[in-house]
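Visitor: Residue numbers (numbering that gives the first Met the number 0), protein chains in the order written: chain A, 0 to 233; chain B, 0 to 251.
You may find that some hints are simply not true.
What the hints assert, rightly or not - To give an idea of the chain A side of the interface with chain B (calculated C-beta under 10 Å), a few residues:
1. 81
2. 219
3. 220
If you're looking for bench data, these hints aren't it; they were derived computationally from the structure. Note that the structure is a prediction, hence the values are computed from the model and not measured. Quick reminder that beta carbons are idealized off the backbone N, C-alpha and C, glycines included.
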Amino acid sequence: MAESRTLATHTVSAFDQEIGQLRGLVAQMGGLAEQAVGRAMLALQRGDLELAAQVSAADRAIDMLEAEVERAAVRLIALRAPMADDLREVVAALKIAGVVERIGDYAKNIARRVPAIISDHRIEPISTLPAMARMAQEMVHDALDAFAARDPAAALEVRQRDTALDDFYDSIFRTLVTYMVENPRTISQVAHLLFVAKNLERVGDHATNVAEMVYYAAAGRHTEPRGLSAGEVQ
Amino acid sequence: MTVKIAARHVSAFYGDVRALDDVSIDIDTDHVTALIGPSGCGKSTLLRTLNRLTDTVPGARVEGDIRLDGRDIHGRDMDVVELRARVGMVFQKPNPFPKSIYENVAYGPRIHGLARGRGELDAVVETSLRRTGLWDEVKDRLSDRGTALSGGQQQRLCIARALAIEPEVILMDEPCSALDPIATARIEELIGALSGRYAIAIVTHNMQQAARVSQRTAFFHLGRLVEYGDTSDIFTNPRAERTKDYITGRYG
């Protein structure tokens with residue numbers, strides 16, 4: 000169980016309310032983005048065009064929340080002049096919101112490819128993508144949990160998982176290329192699947208960015224730089 | 000880093016009340032040092048021990064070792080008048096003498112014999128007023144009373160008065176708390192311009208001000224020095240829990 004840090008309350012209680020509100024907005028965004036990735040993949044698996052369209056449309060809600068986070072953070076900085084942990088947390092919230100918005104964009108991108116991938120003949124490797132998607136979703140989920148709990152150790156743990164996700168991507172990449180070589184007729188569909196896999200790999204990278212910001216906000220120092228992972232090379 | 004004042008194990012008492020508890024701190028010439036903390040934390044008392052203003056408070060007693068350029072300020076060979084000339088002070092409320100602007104600045108150099116003749120004295124007055132940015136505002140009315148100036152100008156006059164006797168250290172006790180934001184900005188700008196030439200220590204309740212003007216910040220609580228470090232670290236990532244609670248507004 001993640002150990003969460005409880006902070007004493009501010010003398011000015013409105014300050015606590017505003018920080019709480021900001022954190023709430025970020026959590027809400029994270030929930031929507033995580034859900035969007037899941038629903039986009041479900042649409043892909045089921046060939047559900049309607050669901051895919053819904054995911055695309057729902058991205059607007061995430062964009063609007065990001066704007067709301069930005070307003071709340073700027074207001075808080077202007078009116079409360081946060082310091083130390085508070086300042087790091089507000090800056091982290093602002094940056095995390097930007098990253099989560101990008102995750103939403105990747106989900107939307109996956110959803111938009113669904114019509115191009117759906118066809119009469121089923122493509123075999125499509126079955127391995129949901130497992131990769133689950134892994135990426137869990138990273139998003141756990142990075143935002145770490146933010147909610149102000150837990151630097153949990154953030155580091157999420158970050159470590161990115162290597163496994165990158166390996167997963169490499170393996171899917173090879174499988175899809177092999178499949179295209181053997182089934183040239185499916186190239187246009189499988190090319191889209193390659194992008195789906197790449198999008199999921201990027202979702203993992205962004206979850207890692209969130210985790211790094213959570214670590215900074217909670218621990219007061221930056222994480223050690225990571226070496227280039229396989230996913231970042233390709 | 001040139002240590003100007005080295006205070007070691009300094010404790011101060013007002014009667015039976017201990018206001019400072021075993022504080023050790025260096026004030027150096029290359030940085031502006033901000034002293035922060037809640038009321039009664041000892042920061043102003045520390046400031047006052049550094050030029051022995053505490054001597055003037057009945058029942059006040061100071062223990063420990065304070066050295067100015069390595070010389071014990073409580074030593075037999077240390078003349079307290081010389082000490083206060085070298086370690087100047089600016090107070091919370093501007094307190095110009097009820098004399099002309101010129102006399103306010105000329106008074107110190109004259110009694111300390113720092114200027115020979117009217118010409119030299121005029122030069123000292125002009126230089127001091129220029130350093131505080133006041134010269135152009137008052138050069139045509141040097142015979143007006145200092146108390147007739149605006150609050151911000153009065154405070155800069157007091158700083159000019161302190162500069163006129165060529166101090167090495169300037170202690171400021173909440174120098175802007177009675178000033179409006181523009182006058183405050185001028186004083187802060189002035190502090191920046193003076194740093195490097197003088198060792199400056201400033202007591203302030205305004206955390207943003209401490210963050211703006213200082214490079215080193217010391218946090219005091221209940222007479223103790225809790226944390227002393229680079230201002231940017233203190234305000235973004237303080238090490239001590241009490242410092243964090245204070246600067247983030249969770250104290251109390």
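Visitor: Is the interface hint for residue 81 of chain A satisfied, with its Cβ closer than 10 Å to some Cβ of chain B?
Guide: 7 Å, holds
Visitor: Does residue 220 of chain A pass the interface hint, meaning its C-beta sits closer than 10 Å to a C-beta of chain B?
Guide: 7 Å, holds
Visitor: Quick one, is the residue 219 of chain A hint okay against chain B at 10 Å, beta carbons?
Guide: Hint holds; residue 219 of chain A Cβ to chain B Cβ min 4 Å, cut 10 Å.
Every hint, counting from the list given before, is met by this structure.
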